[in-house]
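Chains A and B supply the protein sequences, listed in that same order.
Position 66, counted from 1, in the first sequence is what my numbering calls 66; the numbers after and before it change by one each time, with no gaps.
For any residue, its number in my numbering is found by taking its place in the second sequence, counting from 1, and adding 1000.
By construction, these hints were calculated from the structure, which means they are not laboratory data.
Cβ atoms here follow ideal geometry from the backbone N, Cα and C, with glycine treated the same way.
One or more of the hints may lead you astray.
To be verified - Just some of the chain B residues that point at chain A, by a computed CB distance under 8 Å: (1) 1012; (2) 1016; (3) 1043; (4) 1081; (5) 1104; (6) 1107.
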Amino acid sequence: GQQVMQIPQYQHVQEGEDFTTYCNSSTTLSNIQWYKQRPGGHPVFLIQLVKSGEVKKQKRLTFQFGEAKKNSSLHITATQTTDVGTYFCAAQIIQTGANNLFFGTGTRLTVIP
Amino acid sequence: DGGITQSPKYLFRKEGQNVTLSCEQNLNHDAMYWYRQDPGQGLRLIYYSQIVNDFQKGDIAEGYSVSREKKESFPLTVTSAQKNPTAFYLCASSHVMRVPYNEQFFGPGTRLTVL
């Protein structure tokens, strides 16, 4: 079954509005990574979170890792048309004992100019 | 210019034929991966390899085969046993797999269509 759930699947926003995507797991995550895939492109690494409660910022992007290490979020402030794409979380799950990354289903962001 | 290359970008095959997708990296990464991407399902791991001459099955290995004879290369064969092979295939690489996980670098992908 799906180890990492991501919501929403789609999000349409007006340019300038904020956007948030959420990643959740029923099990504890070792760490979580976020990737962005532009339309027609391939996933590109954005950031990795490792510590409980960790918050990292990249310009208008804010990434959070939950205190229980079971969820994460990506928030974009004042979206721009260049933010268009699909955002994926990817996590390594402690209980599996494996080194694989489990990818969420992604959130496709559309920004309306 | 370092990176990962996949060829071809688009591939068409008749049903029942095996097809091999290439993946080459010059990043000196030890680990390489193959993912399949279908609409609305994110990325699913097919096979991965941590070192030369060794590889492991991922979540959806049935109907696929791989080899890792060289550090730089990790070709994927989609066999006729794969029931629904039409998809976007992504190859990735990273430094040796460890916790915390190293970022993965993705190739441009191959879109396979089986007619």
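Evaluated hints:
1. Below 8 Å, beta-carbon pairs count as interface contacts, and residue 1012 of chain B has none with chain A, the closest being about 18 Å; its hint is therefore violated.
2. Of the supplied interface hints, the one on residue 1016 of chain B is violated, with its beta-carbon coming no nearer than about 29 Å to a beta-carbon of chain A, more than 8 Å.
3. At its closest, the beta carbon of residue 1043 of chain B sits 4 Å from a beta carbon of chain A; the interface hint therefore holds under the 8 Å criterion.
4. For residue 1081 of chain B, the suggested interface contact is broken, since its CB lies about 23 Å from the closest CB of chain A, more than 8 Å.
5. The beta carbon of residue 1104 of chain B is positioned within 8 Å of a beta carbon in chain A (closest approach about 7 Å), and the interface hint is therefore held.
6. Hint status for residue 1107 of chain B: holds, given a least beta-carbon distance of 6 Å to chain A, under 8 Å.
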